[in-house]
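Undergrad: Chains as they are written, first to last, in the working numbering: chain W, 147 to 748; chain H, 7 to 298.
No lab work stands behind these hints: they were computed from the structure.
Glycine is no exception: its CB is placed at the ideal position from the N, C-alpha and C atoms.
Don't take each hint at face value.
[Unchecked claim] Per label pair, the in silico range of CB-to-CB distance:
id: 1; chain 1: H; residue 1: Ala70; chain 2: W; residue 2: Leu247; range: 55 to 61 Å
id: 2; chain 1: H; residue 1: Asp10; chain 2: W; residue 2: Gly285; range: 45 to 51 Å
id: 3; chain 1: H; residue 1: Val192; chain 2: W; residue 2: Arg255; range: 46 to 52 Å
id: 4; chain 1: W; residue 1: Pro419; chain 2: H; residue 2: Asp10; range: 46 to 52 Å
id: 5; chain 1: H; residue 1: Val192; chain 2: W; residue 2: Ser646; range: 39 to 45 Å
id: 6; chain 1: H; residue 1: Asn181; chain 2: W; residue 2: Ala476; range: 56 to 62 Å
id: 7; chain 1: H; residue 1: Pro93; chain 2: W; residue 2: Pro419; range: 46 to 52 Å
id: 8; chain 1: W; residue 1: Lys302; chain 2: H; residue 2: Leu289; range: 55 to 61 Å
id: 9; chain 1: W; residue 1: Gly509; chain 2: H; residue 2: Ala272; range: 40 to 46 Å
id: 10; chain 1: W; residue 1: Gly534; chain 2: H; residue 2: Val192; range: 30 to 36 Å
id: 11; chain 1: W; residue 1: Arg255; chain 2: H; residue 2: Leu142; range: 41 to 47 Å
[As the list claims (entries may be wrong)] Part of the chain W face toward chain H, derived, beta carbon under 10 Å:
id: 12; residue: Phe173
id: 13; residue: Pro252
id: 14; residue: Arg255
id: 15; residue: His259
id: 16; residue: His260
id: 17; residue: Val264
id: 18; residue: Phe270
id: 19; residue: Ile274
id: 20; residue: Glu427
id: 21; residue: Ile438
id: 22; residue: Ile441
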Amino acid sequence: MKRDGAGFRELAAPVLVVWAGAAASLFFDRYTQYVTALLLVAIMVGIALVILVGLARMITLASGAMMGLGAYGTAAMMVHWDAPFLVGVAFATALGALGGLLLGLPATRFRGHHLAMVTMVFQFVVIIVISEWDSLTGGVEGMRVPQATIAGYALKADWEYVVLIAFFAGLSILFAGILIRGHFGKALKAMSATEVGAEAFGIYVAGYQVMAFVISSAIIALGGALFAPEIRILDPDQYGILSSVLMLAYPIVGGMTSLWGGIIGGGLLRAGPELLRVVDEYQELVYAAIVIAVIVFLPGGLVEIYGRVAAALGGKRAKASPPERPQAAARAAALGHLAGAHPVSHPKGLVALKTASVSKSYGSLKAVSAVDLTVAAGSMHGLIGPNGAGKTTFFNTISGFIPPDEGTIEIFGRRMAEEPARARIRFGVARTFQNVAVYRTLSCLDNVIIGVGENDVVASLWHSIDEAVGGRASRARRERALNALAAVGLADVAGEAAGSLSLGNQRRVEIARAIVSKPKLILLDEPVSGVGAEEEERLKELLRSLNRELGVTMFVIEHNIRFVVDLCERLSVMSNGRIIAEGASAEVIKSDDVRRVYFGEG
Amino acid sequence: MLIDFLFVLVGGLKFGAIYALGAIGLVVIHKATKTVNFAHGALIMLGAYATFFLLERFKLPYWAVYVLAPTLVGAVSAFLEFAILRPIRRADMFIVIIATVFLAIALQEAVRLPYDVEMLSVAAVLEGDPLFLGDLIVTQESMWIIAGAFLFAILGALLFAQAGLGRSMRAMAQNIRGAQLCGYSVDGVYVFAWFVGGGLAGLAGVFSAPSLGVSPELMVATIVPAFVAAVIGGFDSLRGAILGGLILGIVENIAATYISAGLKSAISFLILFAVLMIRPEGLFPEGRVRKV
C-alpha cells in the first residue's frame with residue numbers, strides 16, 4: 147500500500163480549521179477573544195467525550211469535576227509551591243489522568259444509568275472536597291489564580307490565551323484524531339458492536355474503558371488548567387453537576403462517533419449561552435429547547451447535516467457492482483500468501499485439542515458432564531447433538547468464555563488454566579459465533595485487521611501512531627488482512643461496513659477474521675446456520691480449502707447433519723451433557739444409539 | 007431518649023414516603039419503556055406548582071387537588087413522551103438520557119422565569135391538633151403524608167402488578183416485537199406508562215408541597231432521593247422502590263439528627279455508592295433472567 151496522503155489530510159484538516167478560527171478572532175475585540183478561548187476549551191472537552199462517550203460508550207457526569215481538578219491543580223501548584231505555569235498545567239493534566247483512572251476502575255462494572263449515577267457520585271465528591279479543603283483551595287470563598295508566565299513572558303491579554311490554548315487544542319485534536327482513526331478507535335468500535343466478539347480476539351474491554359477514561363479526563367483537565375488564569379478567581383460551583391450535564395451534551399449534539407462531532411458540538415454549544423445573551427433571562431430555556439430540538443430532529447448529531455447535504459449534492463452514489471464470484475486463482479494466491487512459505491504438516495498423532503472430564507453445572511442442571519474429547523491436529527472434527535445437549539456450553543469452556551467446574555483443557559499440549567477468553571487468541575485459538583458477531587460499524591477490512599491480534603490497550607496506542615505515520619507494521623497488518631479477505635472471496639467489499647453485508651458474507655468476514663492470525667485451532671459455532679443451500683455449499687468448499695492450505699484444525703458445532711457429515715472426517719455426538727458416540731462421520735450417524743437419541747428412532 | 011428517636015423515625019418516614027412515591031413513578035416508566043427518566047424531579051416540581059395554583063389561586067378543596075394535580079402532571083408527562091421521546095425511541099440510549107436531562111432543565115426554567123425568587127408556600131392538608139401517642143407527638147399532616155403516600159405507592163404497585171396493563175407494559179419492556187405480535191399497542195402502552203409515572207410524580211409533588219415548599223429547587227431536591235431509592239430497590243422492583251424510599255428517608259434523618267445536618271445529602275450519595283458497589287442489582291431485585 148502506498149503512503150496514505152488522504153489519511154494525513156484527514157488528521158490535519160480539523161486542526162487547521164480550529165487554528166484558522168482562533169486566528170480570525172485575533173482581529174476582533176477582547177470579548178470575542180475571551181469567548182474564543184472558552185470555545186477552544188469546549189472543543190477539547192468535545193473531542194475527549196467523543197472518545198469516552200461516543201466510542202467507549204461510557205456515559206459520564208463527572209466532566210465538571212475533571213475540569214475542576216485541572217484548574218485547581220494548576221492554581222494550587224502555582225500558589226503553594228511557586229511552580230511555573232506550564233509545570234502546573236502538566237501536573238494538573240496528570241491529576242486529571244489520575245482522576246480518570248480512579249473513576250474508571252470502578253466504573254467499568256457499570257453501564258447506562260448506573261454508570262451515570264457512579265460518575266455523578268464522583269462529581270459531587272470532588273466538588274465537596276474542593277469546597278471543604280479551605281487551606282488548599284480557598285473553599286467556597288474562591289481561589290485567586292496567580293499571573294501566568296511562560297519563560298519570563300507574562301500572559302496578560304486575552305489574545306495571548308487564545309494562542310496558548312489554540313496550540314494545545316490543536317495538539318489534543320491531533321492526538322485524539324490519531325487514536326480515533328487508528329487501531330485504538332477501531333477496537334473501541336469493535337467493543338461497542340459486540341463485547342463478546344471483541345473479547346474473543348483479545349480486546350480487553352475493561353482495559354480499554356479505563357484507558358478511555360484516563361485519556362479523556364486528561365484532555366478535559368488540560369483544558370481546565372489552561373483556562374484557569376483567564377477565570378482569575380476559581381469557585382467550585384463553576385465545575386458543578388450542571389457543567390457536567392452541559393458538557394455531556396457536546397458529543398451528543400455534535401455527533402458521537404466522529405472527531406468533527408466533538409469539535410462542532412463543543413464549539414457551538416459553548417457559544418450558545420454567549421450568543422443567547424440577546425434573549426436575556428430566557429437564555430437557559432431557549433438553550434435547552436435548542437438542544438432538545440437537535441436531538442429529536444438529528445439523532446445522529448449536527449455532523450449528520452453534512453452527511454445529508456453531501457448525499458443530496460452527490461446524488462445516490464453508485465452502489466458498488468455486485469461482487470463477482472472471485473476467481474479461484476486470485477483466491478488461491480491470497481491463500482498462499484496467508485499460509486506463508488512453510489508448508490504445513492503435522493506429525494502423525496499430534497493432538498490439537500484434548501479435554502479430560504470437563505464438567506459444568508448450572509444449579510442442579512449438569513450441562514456438561516465429564517467430557518473427554520480429542521481432536522487430531524489438522525483434522526476437521528464435528529460436534530452434533532440435540533438442542534440442550536450442552537454443545538455450546540462445552541464450546542464456551544474451550545474458548546474460555548465459561549470456566550469449567552472441573553476437568554482440564556489442553557490445546558496443542560498446553561494446559562489452559564484460568565486464562566479468560568481474550569487470552570486464548572495468543573494460544574492460537576480463534577472462533578466464530580452462531581449469532582454472527584462481526585463489528586458491524588467497522589469496514590470488513592478493519593474487522594479482519596482486529597483479527598490479526600496484538601489488541602491489548604498499550605499496543606493499540608502504538609499501532610494507532612504507527613498507522614498515522616504510515617508505518618511498516620500497520621501496512622503489513624493491512625496486507626495480511628486483505629489477503630485473508632481475498633481468501634474468503636470478499637476482496638471487493640473490503641471497504642464496506644461489515645453490518646451491511648448479507649448473512650452469508652458476514653459469516654465469511656468472521657472466517658477471515660478467524661484465519662488471519664494463522665491460528666492453530668478454529669472453533670466454528672454453527673457456521674452455516676441461516677444461510678441458503680447454495681451458500682452452504684460454497685462455505686463448505688471454503689472451509690475445506692482453508693483446512694487444506696493453512697493446515698488449521700477445525701472443530702465445528704453444527705445442527706445441519708448433512709453439512710457436518712460432508713465436511714468433517716470425524717464426529718462426536720453429545721446428548722444430555724455427555725459424549726455418546728464418536729468415530730468416522732459416516733459410521734457414527736449410522737450407529738443405533740445416535741439414531742435413537744438424535745432422531746428419536748428405534 | 008427513645009421518644010426522641012421515635013420522633014426522628016417518624017420524620018424519616020414522612021420523607022421516605024415522599025421519596026417512595028417519587029421512586030415508584032420512576033420505576034413504572036423504566037419498567038414499561040426502558041427509559042430512565044431524568045426529568046422525573048421536574049415532574050414532581052410541576053406537581054407542587056399545580057398544587058399551589060389549584061389550592062391558593064383557584065381555591066379548590068384539597069381532595070380535588072389530589073385528583074387534578076396528578077392528572078395534569080400525568081398529561082404533561084404523556085405529552086412529553088408523545089412529542090419528544092417517541093421520535094427518538096429507536097435512537098441511542100445516551101440520546102434518550104440527554105433528552106430527559108434537558109427536558110428537566112427546560113421545565114425548571116419554565117417555572118423559574120415567572121416565579122424566580124419566591125418560595126411559594128401552601129397550607130397543610132390537615133391542620134388539626136397533633137396526636138399524642140403516649141409521649142410522642144405527631145402532627146396530623148405527618149400522619150397523613152406517611153399513611154397517604156404509602157397507601158398510594160402500594161396501590162400503584164399493586165395496580166401495576168395485577169392489572170392487565172401492567173402485564174402488557176412488562177411484556178413490552180422485555181420484548182417489543184413479541185408484545186406487538188400478541189396484539190399490544192406499543193404507542194398506547196408507552197403513553198400510558200408515562201401518564202401513570204407522571205401522575206405518580208404529580209402525586210409526590212402534592213404530598214411534598216406543604217413540607218418541602220414550592221420552588222424550582224424542588225426538582226433537584228427530589229430527583230436525587232427518588233433515584234437513590236429506586237437504585238436501592240433494584241430499579242425494576244416496585245416493592246424495592248417503596249422499601250428503598252423508606253430506608254433512605256429514615257437513614258437520612260437519623261444521620262442528619264445524630265451526626266450532622268450537613269450530612270443529609272452526603273448520606274444519600276454514600277448509600278447510593280455503597281449499593282452500587284456492593285449490590286448493583288439492588289437490595290430487593292426482581293427475579294431476572296441472566297443474559298448470556
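Undergrad: Now tell me, hint by hint, if it's right for this structure.
TA: Against the structure, the hints:
A beta carbon spacing of about 56 Å between H:Ala70 and W:Leu247 agrees with the range 55 to 61 Å that was offered as a hint. Evaluation of the 45 to 51 Å hint for H:Asp10 and W:Gly285 yields a failure: the beta carbon distance comes to about 33 Å. In this structure the hint that H:Val192 and W:Arg255 lie 46 to 52 Å apart at CB is violated, the actual value being about 32 Å. About 49 Å separates the C-beta atoms of W:Pro419 and H:Asp10, a value consistent with the hinted range of 46 to 52 Å.
About 27 Å separates the C-beta atoms of H:Val192 and W:Ser646, a value inconsistent with the hinted range of 39 to 45 Å. Distance hint check: the CB atoms of H:Asn181 and W:Ala476 are about 45 Å apart, inconsistent with the given range 56 to 62 Å. The hinted range of 46 to 52 Å is not satisfied by H:Pro93 and W:Pro419, whose Cβ atoms lie roughly 26 Å apart. Between W:Lys302 and H:Leu289 the C-beta distance comes to about 57 Å, which sits within the given range of 55 to 61 Å.
Range check, W:Gly509 to H:Ala272: about 41 Å between beta-carbon atoms, so the 40 to 46 Å window is met. Remark: the range hint 30 to 36 Å for W:Gly534 to H:Val192 is upheld by a beta-carbon distance near 32 Å. Distance hint for W:Arg255 and H:Leu142: a CB-CB separation of about 44 Å, consistent with the stated range 41 to 47 Å. For W:Phe173, the shortest C-beta to C-beta distance to chain H is roughly 35 Å, which exceeds 10 Å, and the interface hint is violated.
With a least beta-carbon distance of about 7 Å to chain H, the hint placing W:Pro252 at the interface is held under the 10 Å criterion. Here the hint on W:Arg255 is kept, as its CB sits about 7 Å from the closest CB of chain H, short of 10 Å. The criterion of a C-beta within 10 Å of any C-beta in chain H is met by W:His259, whose closest approach is roughly 4 Å, and the hint holds. Hint status for W:His260 relative to chain H: holds, with the closest Cβ pair at about 6 Å, below 10 Å.
Annotation: interface hint on W:Val264 holds; nearest CB of chain H at approximately 6 Å, less than 10 Å. Because the beta carbon of W:Phe270 sits about 6 Å from the nearest beta carbon in chain H, less than 10 Å, this interface hint is met. Taken as an interface hint, W:Ile274 checks out: its beta carbon lies about 7 Å from the nearest beta carbon of chain H, inside 10 Å. At a threshold of 10 Å, the smallest CB-CB gap from W:Glu427 to chain H is about 6 Å, leaving the interface hint in force.
The interface hint given for W:Ile438 holds, since its Cβ lies 5 Å from the closest Cβ of chain H, which is under the 10 Å cut-off. A hinted interface residue such as W:Ile441 counts as satisfied when its beta carbon comes closer than 10 Å to some beta carbon of chain H; here the least separation is about 5 Å, so the hint holds.
Hint compliance for this structure: hints 2, 3, 5, 6, 7 and 12 are broken, all remaining hints hold.
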